[in-house]
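Turn these sequences into a full structure, and let the hints steer you where they fit.
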Amino acid sequence: MQLEERLQAYLKHQLPAAVDVRVANLQRIPGGASRETWSFDAAWREAGEEVQQGLILRRDPDASLLETERDVEFQVMDAVYGRVPVPRMHWIETSSEWLDRPFFIMSRIDGCETNPTRLLTDPRFFAVRAKIATQFASVLARVHAVDWRAAGLASLGVPESEAACGLTEIEKWEAVLDRDSLEPQPVLRAALRYLRHHQPPPAQRIVLVHADYRTGNFLCDPTGEIKGVLDWEMTHLGDPIEDVGWACMRPWRWLGNELIGGLMERAGFYRMYEAESGLKVDDDAVRLWELLGNVKFAAIFVTGARSFCEGRTRSPMMALLGRNIARIELEIMDLLGA
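Quick note: the sequence shown uses our numbering, first residue 19, plus one each step.
Honestly, the hints are just simulated from the structure, not real lab data. Accuracy of the hints is not assured; some may be wrong.
[As the list claims (entries may be wrong)] Subject to a maximum C-alpha distance of 25 Å in a straight line, what follows is the list of computed SDA-like cross-link-like pairs (lysine to any residue):
no., residue 1, residue 2
1, K30, Q20
2, K245, Y288
3, K30, R46
4, K245, V69
5, K30, E115
6, K149, R126
7, K149, D128
8, K190, E328
9, K298, L185
10, K30, Q45
11, K298, Q217
12, K190, I224
13, K190, N235
14, K149, A229
15, K245, P220
16, K245, D165
17, K298, R160
18, K190, D302
19, K245, P219
Encoded structure:
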């Protein structure tokens with residue numbers, strides 16, 4: 019059966035009271051290296067009423083940049099729904115029975131833009147750029163304000179202490195390099211040694227960290243409202259400044275400018291986040307997390323390159339990742355003052 023037919027069969031299974039279940043307009047959404055993303059329209063009749071729903075399928079690829087658990091992403095997005103703007107989650111399958119690989123299905127949020135280049139160059143968004151910047155800071159503060167204990171997210175793994183948050187992430191990404199490196203990585207190893215001797219200060223509090231919060235990972239409508247935060251694959255409990263540092267990284271300063279996320283000056287981002295979160299942003303701490311973020315980014319590329327070299331994927335994008343590590347190394351050397 020084609021994917022459309024298999025999705026239709028799955029929806030019939032999940033909606034036993036529905037009749038005349040139909041799936042239409044199935045199309046792959048470009049991008050997304052850790053999950054395949056498909057958009058489709060579903061319709062059915064239930065209790066005499068016609069129901070129509072725009073849905074998103076997120077399916078595991080053969081191999082990806084990230085070795086993450088889709089059930090964690092589903093659990094967190096489901097838990098923060100109503101607290102943080104995210105799509106509504108519907109179903110998750112961790113087996114390969116229905117669609118060959120694990121997947122989950124969530125609601126589609128229509129009428130929004132996520133592509134950072136279009137978001138920053140489309141005239142529709144020029145007048146609301148300042149609002150998008152404010153939203154960018156305030157939504158991040160809302161993520162960090164989630165009561166993760168009450169939301170049942172302690173299962174993500176609570177750091178031993180506020181002081182341990184930095185070292186926990188350093189060791190995590192060092193382990194990824196140990197596992198996936200195909201060749202020596204002297205710049206990345208030097209950065210890790212530096213970070214072990216200059217660890218980020220203790221977290222002001224342990225929060226839910228998105229871990230990939232940036233322009234390109236949210237849906238924004240033409241009024242400048244952020245309607246959905248996406249891509250929670252790396253979410254964990256840790257230091258809120260980790261997200262601030264990641265958002266400040268050069269790869270997310272789109273269009274070649276120095277604006278954070280292509281939206282605002284660094285100092286302005288700090289001020290807005292402080293005002294919304296009640297936390298203090300220390301620039302030295304942000305720079306350490308920014309350095310670690312670049313190591314993490316490179317480690318993700320290392321994983322993708324290894325997947326290609328081992329034949330687990332034929333994606334040309336994965337093949338190019340190894341070459342792009344050098345660009346990240348240049349940024350790391352700049353951050354180290356080398």
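Quick rundown of the hints versus the structure:
no.	hint	result
1	K30 to Q20	holds, 16 Å
2	K245 to Y288	holds, 22 Å
3	K30 to R46	holds, 22 Å
4	K245 to V69	holds, 23 Å
5	K30 to E115	holds, 15 Å
6	K149 to R126	holds, 23 Å
7	K149 to D128	holds, 20 Å
8	K190 to E328	holds, 22 Å
9	K298 to L185	holds, 20 Å
10	K30 to Q45	holds, 20 Å
11	K298 to Q217	holds, 18 Å
12	K190 to I224	holds, 17 Å
13	K190 to N235	holds, 23 Å
14	K149 to A229	holds, 23 Å
15	K245 to P220	violated, 32 Å
16	K245 to D165	holds, 21 Å
17	K298 to R160	holds, 15 Å
18	K190 to D302	holds, 22 Å
19	K245 to P219	violated, 33 Å
Violated hints, listed in ascending order, are 15 and 19; each of the other numbered hints is respected by the structure.
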